[in-house]
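Asker: Make the complex out of the two chains shown on their own, each in a separate frame, by following the hints.
If you read the sequences in order, they're chains R and X. The numbering of the first sequence is the numbering used here, which starts it at 1 and goes up by one. The numbering of the second sequence is the numbering used here, which starts it at 1001 and goes up by one.
Hint data in this document are derived by calculation from the structure and do not stem from the laboratory. Check before you lean on any hint, since a few could be wrong.
Claimed, not checked - Capping the alpha-carbon separation at 20 Å, the derived lysine to aspartate or glutamate pairs in EDC-like fashion look like this: (1) X/K1122 / R/D148; (2) R/K3 / R/D297; (3) X/K1124 / R/D297.
What the hints assert, rightly or not - Below, a sample of chain R positions facing chain X; criterion: calculated Cβ distance under 10 Å: (4) N25; (5) D148; (6) L150; (7) G151; (8) C156; (9) Q215; (10) G234; (11) G294.
The beta carbon of each residue, even a glycine, is placed where N, CA and C say it ideally should be.
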Amino acid sequence: MTKWYEKSGTDGDVVISTRIRLARNVNHVPFPAAMTSEQKEDIINKVFAAFPDENGAFSCVRMETVSPREALSMVERHLISPDFANGAGETGKALLLSPDESVSIMVGEEDHLRIQVMRAGLDFDSIYEEANCWDDFLDSRLHFAFDDRLGYLTQCPTNLGTGMRASVMLHLPALQEHGIIQQLANTVSKLGLTIRGMYGEGSRSEGALYQLSNQVTLGLTEQEAIENLKSIAGQIIKEERQYREKMRSLPAFEDRVFRALGVLQNARLLSGKEFMSLVSQVRMGIALGMIPNGNLDRINRLIIEAQAANILCRAEQDLDAAARDSHRAAFVRDNIIC
Amino acid sequence: MYCDYCGKQATTHVKKTINGQTTELHLCPQCAAEHGFGSAFGLDLGDFWGSLFSEPTKKSIADTVRCEDCGRSFREIAELGKAGCPTCYRTFYDRLLPSIHRIHGKTQHTGKVADKADDSLKKKRELQTLREELERCITAQEYEKCAELRDKIQQLEEKGGETA
Chain R
1 MTKWYEKSGT
11 DGDVVISTRI
21 RLARNVNHVP
31 FPAAMTSEQK
41 EDIINKVFAA
51 FPDENGAFSC
61 VRMETVSPRE
71 ALSMVERHLI
81 SPDFANGAGE
91 TGKALLLSPD
101 ESVSIMVGEE
111 DHLRIQVMRA
121 GLDFDSIYEE
131 ANCWDDFLDS
141 RLHFAFDDRL
151 GYLTQCPTNL
161 GTGMRASVML
171 HLPALQEHGI
181 IQQLANTVSK
191 LGLTIRGMYG
201 EGSRSEGALY
211 QLSNQVTLGL
221 TEQEAIENLK
231 SIAGQIIKEE
241 RQYREKMRSL
251 PAFEDRVFRA
261 LGVLQNARLL
271 SGKEFMSLVS
281 QVRMGIALGM
291 IPNGNLDRIN
301 RLIIEAQAAN
311 ILCRAEQDLD
321 AAARDSHRAA
331 FVRDNIIC
Chain X
1001 MYCDYCGKQA
1011 TTHVKKTING
1021 QTTELHLCPQ
1031 CAAEHGFGSA
1041 FGLDLGDFWG
1051 SLFSEPTKKS
1061 IADTVRCEDC
1071 GRSFREIAEL
1081 GKAGCPTCYR
1091 TFYDRLLPSI
1101 HRIHGKTQHT
1111 GKVADKADDS
1121 LKKKRELQTL
1131 REELERCITA
1141 QEYEKCAELR
1151 DKIQQLEEKG
1161 GETA
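Excised from the complex, chain X in its bound form (with noise of 0.2 Å):
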C-alpha cells in the first residue's frame, strides 16, 4: 500500500465514515504528520517503540540536525520508532543511548565483530579471550597451556601496539 500524497509506503491507514460514506486514506509517516494524524492514531508497533524514545514529547528541541545518508532528523526516528539507516545510529548515539539502554539493559556490543569492522577492535576483542582463557589455565593449574597463550598474548600485543 503506498501514500495517497506521495507514493511512498504507506505506513497509516485512515478510514472515515461521514453520513454513511466511507473515504480510505493511505499515508507515509511524513505525510500521516504532516496532516495531523501522528502518533495519536492507536498503538500501533511503531508507536509502541517510538515511545521507547524518550525525546519526542519535548517538541521545543530544535531538530535541525539530520543524518547525512538518509536526511531523517532525530525526531522522525523517535516517532517511527524505526532508524532511517545505520549511520542514524551513528548521527543520533547520545540522543539514542537512553532508549537502547531501556531495551537491552546494556549500550555496549560484546558478541561477533563484522569483517570490515575496525582491526583494533578486533585484535582487542582476541586479546580478552585469550586473557580470559589464561584466568582460566592458571585456576586450572595447566601450566602449559598458560604458557602457550602468553605467548599468543604477547604476540598480538607486540603486532598491534596493543597495551590495554
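If we strip away everything but chain R, and leave its shape as in the complex, we get (with noise of 0.2 Å):
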C-alpha cells in the first residue's frame, strides 16, 4: 500500500506534512513513569482488544520485539519520537499502526497513549477529524481520564487541556538563506506556537525543513489552536513563496540547483548532512519548476529513505559510515531520476 509520505500534498511545494497528535490516558492508572510494568502490560492488552476484527488492518507491534535500527528507522518516518525509539528492546511499549502509516497509536510515551494522524501537504480539517474518530473509538473502550476544568489530564502538566499537538513540517530553504528563521521563531513563539527541527523537541533542522506547533492547549479549543497554526503556516508559506521568487532570477542560484542535482545523480559517497543539504536544493528547484521531469512526490519519499536508519534496515545489516554512505549514495542514484 502507498505510504502517506509517498505523495505530495495541498501546498506541497514548501509544506511537506501535517500532523495532529492526541495525548490521552486512562482514568485510575498511574501515568507511564510510575506505572509498574503489569499496569504497562494491562494498557497494551487493553488497547490491542479495542482492534480487533474491525481494525484488523493495523500493526500491533510490541516494542520488545522491534530492534534499535528499526526503531531508529520509524523515527525517521515520524511514526514514533525519539523518545519512544529509546524503548526498542523494552516491555511496556507497544505501536499501533495503520497500513499507510498515516495513523500511528503509541501506548506507553509520556502518557498512556499518543494518537497521531499524519497527512502529506497541508490538510488540518481532514487528520483533525480522522484524529478525532479515533479518540472517540479508543475513548468509548478505555475511558479517558478527563477533568471539567483542566480538560485531558496529562502526565506533563504542559498537554493539559485539548492534549493537542498540532503541526505542519515546512520547507523553508529560502527563509532559511535569508536569515530569517530566528525571526520567525521569536514571532511564532509570541502567539503560543514554535518552530523546531525535523524531528520535533530538541532537534536541529535538515535540510531546512522545520516543524511548526501549537504550545499552548489549555483554554483555547481545537479548531481555534488550528485556525491560529492555518493562519500562521499560511503567511510563512506566501513569504518562503516570495523569497523564492527572488532568488529564481539568480544565475547563481540556477547554478547551485544543478549542481546539487548533478552531485544527487553521481555521488558514490554521500553523508545525511550532504545529502540533506543538497535534496534540498533541488526540491526547491522543482518547486519552482526548474528541473524538468521533476517530482516533489519522489523527492519527500527520497527524503525519508536516504536516511540512515532506513538505509540500514534496507541493507538488513549494521554498516559503518563510509559503507552507509555508500549505500546512501547508490539508493539516491537510483531514486533521484530527474
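Answerer: So, in C-alpha cells, the structure goes:
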C-alpha cells in the first residue's frame, strides 16, 4: 500500500506534511513514569483488544520485538518519537500502525496513548477529523481521564486541556538562506506557537525542514488552535514563496540547484548531512519548476528513505559510516531520476 | 535503565570518578532524593518543569496529603514536574493551579469534552455553541435560522433543566 509520505499534498511546494497528535490517559491508572510493568502490560492488552477484526488492518507491534535500528527508522518515518525509540527492546511500550502509516498510536510513551495522524501537504481539517474519530473510538473502550476544568489529564502539565499538538512540516530553504528563521521563531513564540527541527522537540533542522506547532493546549479549543496554526503557516508559506521568487532569477541560484542535482545523480559517497543540504536545493528547484521531470512526491519519499536507519534496515545489517554513505549514494542515484 | 536501589525506572544518573576509578549510579526520583541527588543536579527537563511548580522550595509546608490513587505528594509532583496519575490533578488542584496558569496563561479547558465526562458539562458546551451561533445569525439577519436555533436551545434547556 502507498505510504502517506510517498505523495505530496496541498501547498506541497512548501509544506511536506501535517500532523495531529493527541495525548490521552486512562482514568485511575498511574501515568507511564509511575506505572508497574503489570500496569503497562494491562494497558497494552486493553488497547490491542480494542483493535480486533473491525480494525484488523492495523499492525500491533510490541516494542520489545523491535530492534533499535528498526525503531530509529520509524522515527525517521515520523511514526514514533525519538524518546519512544529509546524503548526499543524494552517491555511496556507498543505501537499500532495503519497500513499506509498515516495513523500511529504509541502506547506507553509519555502518556498512556499518543494518537497521531499524518498526511502529506497542508490538511489540518481532515486530519483532525480522523484523529477525533480514533479518539472517540478509543475513549468509548478505555475511558480517558478528563476533568471539567483542566480537560484531558496528561502526565506533563504542558499538555493539559486538549492534549493536542498540531504541527506542520515546512520546507523553508529561502527563508533560512535569508537568515529569517530566528526572527520567525521569535515572532511565532509570541503567538503561542513554536518552530523546531525536523524531528520535533530538541532536534536540529536539516535540509531547511522545520516543524511549526502549537504550544498552548489549555484555554482554547482544538479548532481555535488549528485556525491559529493555519493562519500563521499560511503567512510563512507566502513569505517563503516570495523569497524563492526573488532567488529564481539569480544565475548563481540556478547553478547551485543543478550542481546539487548533479552531485545527487553521480556521487559515490553521500553523508546524511550532505544529502539533506543538496536535496533541499533540488526540492526548491523542482518546486519552482526549474527541473524538467522533477517530481516532489519522489523527493519527499527520498528524504525519508535516504535517512540512516532506513538505509540500515534495507541493507538488513549494521554498516559503518563509509559503507552507509556508499549505500545512500547508490540509493539516491537510483531514485532521484530527474 | 532501572534504579540500583529499588528497581524502578531510573531518571537520575550519577558518574563519579575518584582516583581514576569511575563508578556509575542509576536512581529513581525517590531514591535520588533520599541519597541527596535532588534537583540541584543539572537542568534536566524534569527540573525545568519542576521549577514551574511554585511551592517546592517551601520545604516547611506539611507534605502529608497524598494522592489516593498513586500515593504521590505534592512535593514529589513538584520535584519531578510530572503528575503521578490523573487523580493527582484533582487532589492537588488548588496548589497546581498557579503553575498551570503560568504554563498556559489560562486555567479553564474550553475544547473537546470526553465521552464519559459529566453530561451537564456537555450540555453547557452545546448550549454555549448554539447561543454563539444564534448571536451570529441575529447580526447576519438570518431570521429563519434564528428560529430554528431558538427551538433547539429551548429543547436542550427543558431537557436538562439548564437555565444558565
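Asker: All hints are to be evaluated individually against the structure, with a verdict given for each.
Answerer: We went through each hint and held it up to the structure:
no.	hint	verdict
1	X/K1122 / R/D148	holds, 10 Å
2	R/K3 / R/D297	holds, 11 Å
3	X/K1124 / R/D297	violated, 46 Å
4	N25	holds, 6 Å
5	D148	holds, 5 Å
6	L150	holds, 6 Å
7	G151	holds, 3 Å
8	C156	holds, 6 Å
9	Q215	holds, 9 Å
10	G234	violated, 22 Å
11	G294	violated, 41 Å
In this structure, the hints that do not hold are numbers 3, 10, 11, in rising order.
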